[in-house]
Amino acid sequence: MPGGIVSRPIYTRHGDSGETSLAGGTRIPKTSARIEAIGTLDEANSAIGLARAALAGTAADGPGPGLDGMLDFVQHRLFNAAGLLATARPATPLTTAGDAPAVDAAPAPTSRATVTPDDTATLESWIDALSAGTGELVRFVLPGGSESAARLHVARTVVRRAERRVLDLHANEPIDEVVLAFINRLSDLLFAAARYENRKRGDVTWDPEK
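Following the numbering used here, the numbering of the sequence shown begins with 1 at its first residue and continues without gaps.
Some hints here could point you the wrong way.
Computed Cβ-Cβ distance ranges for the label pairs, DEER-style [as the list claims (entries may be wrong)]:
id : residue 1 : residue 2 : range
1  : Lys210    : Asp176    : 39 to 47 Å
2  : Pro65     : Arg160    : 21 to 29 Å
3  : Pro9      : Pro143    : 26 to 34 Å
4  : Gly49     : Glu209    : 33 to 41 Å
5  : Asp168    : Thr116    : 20 to 28 Å
6  : Asp168    : Ala121    : 22 to 30 Å
7  : Leu167    : Pro143    : 20 to 28 Å
8  : Arg199    : Asp168    : 33 to 41 Å
9  : Gly39     : Ala121    : 21 to 29 Å
10 : Ala132    : Lys210    : 26 to 34 Å
11 : Arg27     : Arg160    : 24 to 32 Å
Simulated from the structure, these hints should not be mistaken for laboratory data. For every residue, glycine included, the Cβ atom is placed at its ideal position computed from N, Cα and C.
Kindly produce the complete structure, drawing on both the sequences and the hints.
This is the structure we're talking about:
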């Protein structure tokens with residue numbers, strides 16, 4: 001193979017029994033809250049990728065890096081967030097009275113993947129810039145309008161679901177709250193981006209009389 005890359009099959013057969021490995025090698029059920037959270041972040045990333053593809057000629061539009069640049073940034077950070085969940089150390093089992101404290105001698109695995117408060121601040125600056133170009137929101141917005149806006153709304157709802165899954169995990173295995181803040185702000189960014197995409201057609205708004 002060029003560059004010394006060794007070709008390996010993408011299948012391992014290791015997950016056939018319903019378990020998978022975290023980055024440190026710990027085996028956990030695929031139905032666990034951690035894997036559910038990681039998988040839903042993957043769904044959200046895929047939905048954002050589909051929304052990017054639908055931007056077509058408007059990809060470079062928008063403030064700052066443009067909508068495509070914003071979504072590119074977001075996809076990388078979502079991958080980082082999933083990586084952080086995959087490298088987290090499982091909770092130490094409780095001990096009974098009289099037992100020696102249970103100590104996991106293996107160090108927590110490390111990762112170069114990060115999500116920082118600055119990343120969340122970046123999203124907030126983009127939300128403000130996009131909102132400035134769409135006018136005041138006076139009615140509830142329905143998902144729809146242009147195809148690209150509709151896909152951004154789909155991505156927004158998947159991100160909301162990912163946030164709920166991560167919060168489910170956080171309730172029992174606390175994770176970095178920076179990740180929670182980023183995911184929460186991301187759904188706001190996608191809402192603002194969808195409105196920005198519909199600015200020429202106007203928002204599709206809810207009519208309570210219909």
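Margin query: Given the hint of 26 to 34 Å, is the C-beta distance from alanine 132 to lysine 210 inside that range or not?
Written below: Given range 26 to 34 Å: holds, Cβ gap about 30 Å.
Quiz item: Given a hinted range of 24 to 32 Å, is it respected by the beta-carbon distance of arginine 27 and arginine 160?
Solution: At roughly 30 Å between Cβ atoms, arginine 160 and arginine 27 fall inside 24 to 32 Å, so the hint holds.
Outcome for the supplied range 22 to 30 Å, where the beta carbon pair is aspartate 168 and alanine 121: 26 Å, holds
#### Entry: Distance restraint hint 39 to 47 Å, applied to the beta-carbon atoms of lysine 210 and aspartate 176
Holds - the Cβ-Cβ distance for lysine 210 and aspartate 176, about 44 Å, lies within 39 to 47 Å.
> Should the hint that glycine 39 and alanine 121 are 21 to 29 Å apart at their CB atoms be regarded as holding?
Replying inline: Between glycine 39 and alanine 121, where Cβ atoms are some 28 Å apart, the hint holds.
Satisfaction of the hinted span 20 to 28 Å by the C-beta atoms belonging to aspartate 168 and threonine 116:
Roughly 24 Å apart at Cβ, these two residues keep to the hinted range, so it holds.
Hint check for aspartate 168 and arginine 199 - Cβ pair distance inside 33 to 41 Å
Holds, since arginine 199 and aspartate 168 (Cβ atoms, about 36 Å apart) stay within the stated range.
* **33 to 41 Å as the expected CB spacing between glutamate 209 and glycine 49, which holds or is violated** => 37 Å, holds
>> 21 to 29 Å was suggested as the range; check whether the CB atoms of proline 65 and arginine 160 agree with it.
In response: Holds - the Cβ-Cβ distance for proline 65 and arginine 160, about 24 Å, lies within 21 to 29 Å.
>> For the hint 20 to 28 Å, verify it against the beta carbon of leucine 167 and that of proline 143.
In response: For leucine 167 and proline 143 the Cβ distance comes to about 23 Å; the hint holds.
TODO: Kindly confirm whether 26 to 34 Å is satisfied by the beta carbon distance between proline 9 and proline 143.
DONE: For proline 143 against proline 9, whose Cβ atoms are near 40 Å apart, the range 26 to 34 Å is violated.
Checked against the numbered hints above, the structure breaks only hint 3 and satisfies the rest.
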